[in-house]
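Be aware that the sequence shown starts at 1, since it is given in full-length UniProt numbering, and climbs by one per residue.
Do not rely on the hints blindly, as some may be mistaken.
35 Å max Cα-Cα, derived DSBU-like pairs, lysine-lysine [what the hints assert, rightly or not]:
1) Lys-43 to Lys-148
2) Lys-146 to Lys-195
3) Lys-148 to Lys-69
4) Lys-58 to Lys-117
5) Lys-195 to Lys-58
6) Lys-69 to Lys-43
7) Lys-69 to Lys-58
8) Lys-166 to Lys-43
9) Lys-69 to Lys-118
10) Lys-117 to Lys-69
11) Lys-40 to Lys-166
12) Lys-146 to Lys-35
13) Lys-40 to Lys-69
14) Lys-146 to Lys-58
15) Lys-195 to Lys-148
16) Lys-166 to Lys-117
Hints are computed from structural coordinates only; laboratory data are not their basis.
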Amino acid sequence: MKKLRNHPQSNQQENSPKTVNNETDLCSLTDLEFKREIVKILKELREDMNSNADTLRKELENIRRSQEKLEHSFAEMQTELGAVKTRMNNAEERISDMEDRIMEITQSGQQTENRIKKLESNIRDLWDNIKRANLRIIGIPEGVEKDKGMENIFEETITGNFPNLKDTEFKIQEAQRAPNMLNPNRPTPRHIIIKMAS
1 MKKLRNHPQS
11 NQQENSPKTV
21 NNETDLCSLT
31 DLEFKREIVK
41 ILKELREDMN
51 SNADTLRKEL
61 ENIRRSQEKL
71 EHSFAEMQTE
81 LGAVKTRMNN
91 AEERISDMED
101 RIMEITQSGQ
111 QTENRIKKLE
121 SNIRDLWDNI
131 KRANLRIIGI
141 PEGVEKDKGM
151 ENIFEETITG
161 NFPNLKDTEF
171 KIQEAQRAPN
181 MLNPNRPTPR
191 HIIIKMAS
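Work out the full structure, taking the sequences as your base and the hints as a guide.
Put into structure tokens, the structure is as follows:
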């Protein structure tokens with residue numbers, strides 16, 4: 001994780017009364033602390049996402065440049081082969097050597113192309129994973145989601161607690177209650193887990 005030296009967020013963290021380490025700590029926060037923690041998490045996610053996106057763009061550009069160089073080299077070799085073949089009526093052995101060389105270049109080009117496709121797929125997968133986030137909504141009574149729907153509960157929570165995000169369009173991939181782990185001595189409602197779409 002990045003150091004927060006000389007960063008506006010570092011002052012906010014120093015002024016924060018607590019640092020949330022796990023779900024139990026998150027549940028025990030006051031509304032104001034919870035809001036601050038959510039805003040901090042969202043800011044960190046945005047910064048990480050932007051940083052990773054820039055890195056991935058640079059890597060993809062380097063891969064494209066390498067592919068162009070390889071295609072240029074391959075085209076030069078094909079041109080050279082054509083010139084050699086026209087001059088080689090009496091040099092069958094040399095022609096055989098050149099054909100072997102072409103076969104190696106073709107295989108190398110195919111392997112490189114397959115590698116580039118795999119890397120592009122990995123970059124897409126990483127990008128999709130970076131853009132996703134899991135959020136938990138706590139304190140919503142059991143059964144409310146049947147009347148309102150999970151998405152509406154999420155939108156109401158965001159609009160009510162973060163008015164500056166009310167115009168932001170969120171795409172929800174999945175919304176559900178946490179697995180049934182109710183303690184009869186402490187009958188609190190299960191958390192609602194929201195998985196954001198990419």
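We went through each hint and held it up to the structure:
At most 35 Å may separate the alpha-carbon atoms for a hinted pair to count; Lys-43 and Lys-148 meet this at roughly 29 Å. Note on Lys-146 and Lys-195: the hinted pairing holds, with a Cα-Cα distance of about 18 Å set against a maximum of 35 Å. Pair hint Lys-148 plus Lys-69 does not hold up; C-alpha atoms about 57 Å apart against a cutoff of 35 Å. Between Lys-58 and Lys-117, the direct Cα distance comes to roughly 16 Å. Compliance with the 35 Å bound is thereby established for this hinted pair.
Distance check on the hinted pair: Lys-195 and Lys-58 sit about 28 Å apart at the alpha-carbon level, within 35 Å; holds. Among the hinted pairs, Lys-69 with Lys-43 is inconsistent with the structure: their alpha-carbon atoms are about 39 Å apart, more than 35 Å. Taking the CA atoms of Lys-69 and Lys-58, the gap is near 17 Å; set against the 35 Å cutoff, the hint holds. Restraint check for Lys-166 and Lys-43: satisfied, since their Cα atoms lie roughly 16 Å apart, inside the 35 Å limit.
Only pairs whose Cα atoms come within 35 Å are accepted, and Lys-69 paired with Lys-118 is accepted, the gap being roughly 19 Å. For a cut-off of 35 Å, the pair hint linking Lys-117 to Lys-69 stands: about 16 Å separates their Cα positions. For the hint linking Lys-40 to Lys-166, the alpha-carbon distance of about 17 Å falls within 35 Å, and the restraint holds. Between Lys-146 and Lys-35 the alpha-carbon distance is near 26 Å, which keeps this suggested pair within the 35 Å criterion.
Restraint check for Lys-40 and Lys-69: not satisfied, since their Cα atoms lie roughly 44 Å apart, outside the 35 Å limit. Between Lys-146 and Lys-58, the direct Cα distance comes to roughly 46 Å. Violation of the 35 Å bound is thereby established for this hinted pair. Between the alpha carbons of Lys-195 and Lys-148 the distance comes to roughly 18 Å, so the proposed pair stays at or under 35 Å and holds. The straight-line distance between the Cα atoms of Lys-166 and Lys-117 is roughly 39 Å, outside the 35 Å bound, and the hint therefore fails.
Going down the numbered hints, you'll see the structure goes against 3, 6, 13, 14 and 16, while the others check out.
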